[in-house]
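Undergrad: Listed here are the chains, written in short residue letters.
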Amino acid sequence: MIAYLARRALVLAATLVVASLVVFTTIEIVPGDPAAYMLGLNASPETVMALRRELGLERSGFARYLDWSTGMLRGDFGVSYTYRTPIAGMIADRVTVSLPLALFALTLAIAVALPAGLLAASRRGGALDTAVMGFTQIGIAVPNFWFAMLLVLLFAIELRWLPSGGFPGWQAGVGTALRALILPSIALALPQAAILARVLRSALLDTLGEDYIRTARAKGLSPRATLWRHALRNAMIPVLTIIGLQFSFLLAGAIIIENVFFLPGLGRLVFQSIASRDLVVVESVVMLLVFAVVMVTFLVDLAYAWVDPRLRR
Amino acid sequence: MTVTVKAAHAAASAALLTLMLSAGAHAARTDVTIGMVLEPPNLDPTGGAAAAIDEIVYANVFEGLTRFGPDGAVEPALAASWEVSEDGRRYVFTLQENVDFHDGSEFDAEDVKFSIERALAEDSTNAQKPLLENIADVEVIDTFTVALNLAEPSGDLPFNLAWGDAVMLDAASVDTLATAPVGTGPFRFDRWVQGDRVELVKFDGYWGEPAQLDKAVFKFISEPTAAFAAMMAGDLDAFPNFPAPENLVQFESDARFAVVVGSTEGETILAMNGREGPLADVRVRRAIARAIDRQEIIDGAMYGYGTPIGTHFAPHNPAYVDLVEQSATDRDAAKALLKEAGHADGLVLSLKLPPPAYARRGGEIIAAQLREVGIDTDIENLEWAQWLEQVFKGHDFDLTIVSHTEPMDINIYARPDYYFGYDDADFQALMADFAVETDDATRTELLGEAQRRIADEQVNAYLFQLAKTGVAAAALKGLWENSPTQANDLTRVHWED
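Residue numbers (this note's numbering), protein chains in the order written: chain Z, 1 to 313; chain E, 1 to 497.
Hint data in this document are derived by calculation from the structure and do not stem from the laboratory. Mixed in with the good hints there might be a few duds.
What the simulated footprint calls covered on chain E by chain Z, stretch by stretch (three residues with Cβ under 8 Å from a Cβ of chain Z suffice, anywhere in the stretch; the number is not a length) [to be verified]:
hint, segment
1, 67 to 80
2, 207 to 221
3, 225 to 236
4, 380 to 392
5, 404 to 414
6, 439 to 453
Positions of the beta carbon are idealized from the N, C-alpha and C atoms, including for glycine.
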């Protein structure tokens, strides 16, 4: 187990170093000057140069990479070109929106997908199975921004139960803040729940065909107990993989939903920063997301080892 | 038992309702939530050109010596009055007394000296530095009197000082302007939840007529459908520059809202790179202008909002000369001009489009119109940063569509290194005369001449003046109808009972 952990940790560190190099170089070669963007159509070239000097853009790329990468090790991501505030603080603010949103959406997705997948698998071919499969098909096919707009039309404009968007901040009270996340979470959770339910169903059906299940049934175990005790645990490996991927996706990929609900999350920060060529912010957020994805993968690997003792070797 | 509980309940509700109604009738709301498409990068109007900065802080948080009124006229602000010397080289400003900055320090002539010298410094990052460069020195006469001595005579100084980039600052707070602005305005900065909103509150120590609102929130919503939903749901009270003109009809038919269509300083043009190639030939430029149908673009791209222009000048300005007819649509004439210029068998030009709808939608329509006279376009959609790099700085384009939103910016045609590359000694001389002219009648005359010159030369194809399409709650009064500068001046905004 220790060796397994050490191996995974080493891969994790190497991935981060390579990723930081790739992220920095690819983003730095994007054409566009943050100083010119900030100063607009009337500024003189000398003013643009003065701002570039002030922002440290006149130094070599290598020097900037060193500053940025060593700074990150200390938790210092540098200062945003356009906002002129420390990036670490900006990211921390955005994470307080994106992380709860991702967790909320994922919890919703799992809460819907687990029973749906179990029901469908246990009634294979039955009416319930057909219904679950039909609904999940729709869930995957519906574009989530469109679904989000329908939610807004119904719950914000017609019924006025929930705000149409925005985020009041956690200091406005946990209840108020969570209310703002309800609609976006539902919009994000729908396709994820559909995917998860389908994966769970097919994984369960696969394991239900295995020899050990037949043995368990032959020993007189009820179908329900077989499903819960033997099939579900073994079907968890693909399900955990998908949940891990979904969490990473929800953290970084909620950008469209963040735009529809004008939530100040990480996705929108990246979006705005790319437009204004605030490259250090883009690089830092992307690195943070890489880190999150790598960490989630690492945790999923650990979870595999937990559900499947064979992987611990 | 149940009956009595119900009765008590009903009585209580009725009492509560009466209370709420009477409260509503007597005390009008004193807060407002305003929607904006873009979040400002920072809140320092002297350190960047982003319109979103001025849309929050202009006239609300910061004030200059002069300011723009709702009609675009230059009005006194922190300067109570001023006098110009005979030769137009010296302006003496008498300052308002008893003006405090939000941090408590007093405003005086030293602050004027500091603010202007900071904008003009070698390492200044002021986006409108060219506007102030004519100021040779700032002379403090006494605590509340200051003189600006100019290198060249100028009649433009009070106008130039009204820009958001020339506001008065307190030396003690300049280092934190970007995130915690300190000015002299009727509102002071309260907080900024980045990515979501900026909050201003009424400044109790304001020197002038106090604001009628206690609190103003600016919320950033870039997605047009989200903006629509937020207005409809009542989460916003106003959206002064509503991003989706196609939705305005829906607001118009709803009694809860008032739609206000006003004018802006945005001359939207099809800019042509006249440095070399076919576009260096005035006949080709004229052919392009005559191939274009402005009304079709306004209807198709802007849902009918916008005023056709025939030169680079705002139609609501008294000095405007209507030259639209001069380049009215005439595709036969366009074809003849192209033939004369040696392009009878067609021409291919690049058309680079920045993100706004006027450019992207307008570009498709213009491409179709140009095709009718035998000009094919290669359309390329660019982000703003790419546009600035390739088109504005690199001059790597044939055609582009952009709205020039700075007020009174016809003098950009006197800059030979500007992106469309118009190098005309006569026009430059005209602008030099204009800058030093102080007589109003002569100034108007010179402006007319300048407008005719760039229309005759057809430097660019002039499309339309961008409209300000805003929507607000019907009971909210006092917002600017027009946009003489990019601002949401809240000083007169209030709720009507």
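Undergrad: Does each hint fit the structure? Answer for all of them.
TA: A quick look at each hint next to the structure:
no.	hint	verdict
1	67 to 80	violated (count 0)
2	207 to 221	holds (count 3)
3	225 to 236	holds (count 8)
4	380 to 392	holds (count 8)
5	404 to 414	holds (count 4)
6	439 to 453	violated (count 0)
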